[in-house]
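Engineer: From first to last, the protein sequence lines are chains S and P.
With our numbering applied, the first sequence corresponds to residues 9 to 490, in that order.
With our numbering applied, the second sequence corresponds to residues 604 to 864, in that order.
No wet-lab data here; the hints were simulated from the structure.
Being a predicted model, the structure only gives us computed values, none of them experimental.
We put the CB at the ideal spot given by N, CA and C, even for glycine.
Among these hints, one or two may not hold up.
Said to hold, decoys possible - Heads up, simulated DSS-like pairs for lysine-lysine below, C-alpha to C-alpha not over 27 Å straight-line:
{"id": "1", "chain 1": "S", "residue 1": "K421", "chain 2": "S", "residue 2": "K255"}
{"id": "2", "chain 1": "P", "residue 1": "K845", "chain 2": "S", "residue 2": "K228"}
{"id": "3", "chain 1": "S", "residue 1": "K198", "chain 2": "S", "residue 2": "K121"}
{"id": "4", "chain 1": "S", "residue 1": "K421", "chain 2": "S", "residue 2": "K313"}
{"id": "5", "chain 1": "S", "residue 1": "K313", "chain 2": "S", "residue 2": "K385"}
{"id": "6", "chain 1": "S", "residue 1": "K121", "chain 2": "P", "residue 2": "K845"}
Claimed, not checked - Computed Cβ-Cβ distance ranges for the label pairs, DEER-style:
{"id": "7", "chain 1": "S", "residue 1": "T436", "chain 2": "P", "residue 2": "D704", "range": "56 to 62 Å"}
{"id": "8", "chain 1": "P", "residue 1": "G765", "chain 2": "S", "residue 2": "P42", "range": "51 to 57 Å"}
{"id": "9", "chain 1": "P", "residue 1": "V638", "chain 2": "S", "residue 2": "P42", "range": "47 to 53 Å"}
{"id": "10", "chain 1": "S", "residue 1": "Q298", "chain 2": "P", "residue 2": "A773", "range": "41 to 47 Å"}
{"id": "11", "chain 1": "S", "residue 1": "N470", "chain 2": "P", "residue 2": "R776", "range": "54 to 60 Å"}
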Amino acid sequence: MRHPLLSAIVLALGLGLVLGAHAAPAGAAPATDPADLGPPRGAPIEEAMVAPPNVPPPIHRNYPARVIVRLETREVVKEIADGVRYDFWTFNGTVPGPMIRVRQGDTVELHLKNAPDSHMAHNIDLHAVMGPGGGAAASMTPPGHESVFTFKAMREGLYIYHCATPPVPMHIANGMYGLILVEPPQGLPKADREYYVVQGDFYTTGAYHEPGLQSFDMQKLLLEQPTYVLFNGREGALTGANALTAKVGDTVRLFVGDGGPNLVSSFHVIGQIFDNVNVEGGTLVNHNVQTTLIPAGGAATVEMKTLVPGTFLLVDHSITRAFMQGALGQLVVSGPAAPAIYNKVSSGPAAPSPAAAPMAHAAAPVAAVNDAMADGKRVFTQICAACHQGNGMGLPGAFPPLAMSDYLNADPKGAIGIVLNGLSGKITVNNTGYESVMPAFGTQLNDDEVAHVLTYVLNNFNNKGGTIAPVEVKAVRAGRKP
Amino acid sequence: MIRRPARLLLIATAATVAMTAAAADYVAIPGGVFVSALAVDGAAARIAIEPFAMRVEPVTNAEFLDFVRMHPGWQRGQVSPLFAGPQYLSAWQGPLTLGPDARPGQPVTSVSWFAARAFCASEQARLPTWYEWEYVAAADVTRRDARRDPARNQDILDAIQGSTGERPGAIGRHRADAWGVRDLNRLLWEWTGDYAAMFPNADARVAGAGPSLALCGGSALAFADKNQFALMMRIAALTALKPADAAPRVGFRCVREGHGR
């Protein structure tokens with residue numbers, strides 16, 4: 009054959025014509041699709057509704073079922089940040105709405121109620137639906153009413169759902185989105201932890217952290233200049249006492265969506281590498297990914313192995329959003345240290361270039377006493393400021409302040425042990441509770457450096473002053489009281 | 604115009620019947636031409652408005668109570684479910700009792716379109732057309748068309764969102780607008796006579812057949828002015844309703860042809 013490709017095309021066209029000619033008289037013959045696993049079997053299953061960041065349990069089922077999903081649209085005033093309230097529009101009262109988990113081939117019977125005290129009509133468009141409007145056309149629901157429609161989950165993947173009632177950008181900006189996972193027929197591989205995170209951008213009339221009840225700001229929406237960029241609809245939803253948790257050696261799977269309405273997410277977990285990413289929520293799996301791009305109205309499943317303990321930050325690596333607009337979460341991993349994988353060796357003034365000294369376990373030369381404050385500032389800037397911030401104010405809900413800190417000033421010498429050995433568990437600083445993990449710096453800082461940085465902190469940031477001597481650090485290190 | 608004699612007749616009738624109940628205040632709205640926020644055939648369109656008269660305020664619970672007393676067929680429990688669904692006047696304590704959730708001076712809500720239409724007919728009036736309603740609602744306190752002012756649009760959004768979880772408040776807390784009409788934009792959604800014909804499509808993003816209202820997405824076609832979020836919310840709220848439905852934030856006011864006197 010001179011033109012095998014051409015022949016193949018002709019053959020295919022011929023088949024198509026034959027099939028088409030055959031199908032045409034039937035007219036109403038339904039389209040068949042290999043992903044269609046047939047009609048639902050067994051008793052209908054009520055979908056378990058759990059609040060984010062929790063995820064419904066994995067599906068261990070080998071047949072297509074009818075799954076009943078009940079959602080209620082509610083308009084509720086809740087905190088978007090400490091002391092800042094906002095009028096959220098929600099599915100089931102949470103942002104995001106509950107995660108829905110079904111199996112490919114399942115028939116979903118979706119009940120959408122609209123609470124009687126809603127202002128708005130609401131509906132739902134699920135990107136997992138193959139049908140007009142993704143269900144929106146069948147689910148426009150006035151307050152106090154309920155709509156029901158069914159769809160078959162034809163394609164495995166992780167999909168956004170959202171309200172699609174005009175003005176659509178406002179309904180989404182107020183929090184009306186969530187994820188629906190369509191598991192493959194064989195299910196997903198086992199993971200030790202599964203969590204549910206959805207990023208969204210919020211537009212308030214007041215500036216970031218301006219207290220009180222804030223209104224939706226239409227101009228900021230049009231300019232796509234959000235006041236807040238958040239995981240799960242509230243600053244601090246995934247930090248401190250609300251942090252995601254895991255143990256060393258776990259496989260952690262995050263179902264991550266981006267509700268928008270406007271921004272795409274450069275999703276990253278600081279200090280982790282994603283072993284597997286289902287790119288854009290589909291079946292393409294990429295490996296060893298640092299940052300994955302999640303479109304507005306899109307999703308990704310990311311999996312990572314936790315090899316070392318510590319606090320790992322979930323961020324939108326369009327990084328201003330993480331530090332200035334709230335796009336920050338925490339994954340706190342507990343367990344034994346793994347110094348072969350991660351170990352800070354030393355920190356001190358660099359040896360004169362170009363004769364770079366080999367890395368030494370011995371600490372850098374001891375700073376002269378009158379340079380103690382400068383050395384303390386250096387250590388602070390290099391190490392402490394990463395979490396406690398350059399101004400010592402920390403981050404709300406995540407890292408406690410060192411500035412004007414009642415906790416620190418009440419027991420300055422107690423801080424020695426914290427720097428050397430780390431600290432975890434609940435503490436209260438300036439009337440705010442924190443539940444974070446501070447790593448131990450005892451193997452990274454020598455006695456002088458610990459003394460200097462504590463002295464620096466005690467004499468700056470409006471603290472009450474005081475001095476920590478290297479000998480006191482040495483005593484604590486040796487297990488004695490200073 | 605062919606309809607003019609009929610209208611004169613109506614006005615004459617109104618004058619003779621008005622004495623049966625405390626007459627509601629109507630204010631004359633001069634005719635004019637305005638550009639609707641809704642696109643017509645995909646483009647902004649200038650709409651001619653004939654002179655009419657509009658109720659200064661929405662119909663209140665007290666007024667609607669008078670109406671159902673005089674027209675028992677519209678009382679809760681007596682009206683056919685074809686004309687008023689199960690949520691009809693649900694905030695009222697009883698068929699002829701307002702109760703704590705329905706103050707006399709609050710706008711009546713949870714009324715079906717059929718009931719609203721019947722009420723207006725009882726005072727020799729009718730429901731406004733969508734364009735009539737929109738024409739008047741374009742105003743703020745000083746301008747007859749203030750829709751291009753982002754502050755005015757934001758102000759309306761604030762008022763709507765600020766009342767989350769509450770029933771519509773009392774009438775008359777805000778100054779009358781440039782036409783002399785009160786509480787058109789902030790307080791509640793109001794039935795219009797032609798709503799079902801104006802907004803027939805439930806998924807309001809679909810652009811397509813006939814006059815369907817295509818809002819977002821494909822829809823760019825449906826709104827000539829995409830900045831009127833409060834208007835979109837209103838239209839979505841009405842779109843979701845069948846004429847017998849009653850919703851807690853949907854009330855109405857009436858208009859009369861001509862100058863309404």
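Engineer: Hint by hint, say whether it matches the structure.
Structural biologist: Hints and how they fare:
no., hint, in the structure
1, S:K421 to S:K255, "violated, 31 Å"
2, P:K845 to S:K228, "violated, 35 Å"
3, S:K198 to S:K121, "violated, 34 Å"
4, S:K421 to S:K313, "violated, 37 Å"
5, S:K313 to S:K385, "violated, 35 Å"
6, S:K121 to P:K845, "holds, 16 Å"
7, S:T436 to P:D704: 56 to 62 Å, "violated, 43 Å"
8, P:G765 to S:P42: 51 to 57 Å, "holds, 52 Å"
9, P:V638 to S:P42: 47 to 53 Å, "holds, 52 Å"
10, S:Q298 to P:A773: 41 to 47 Å, "violated, 58 Å"
11, S:N470 to P:R776: 54 to 60 Å, "violated, 46 Å"
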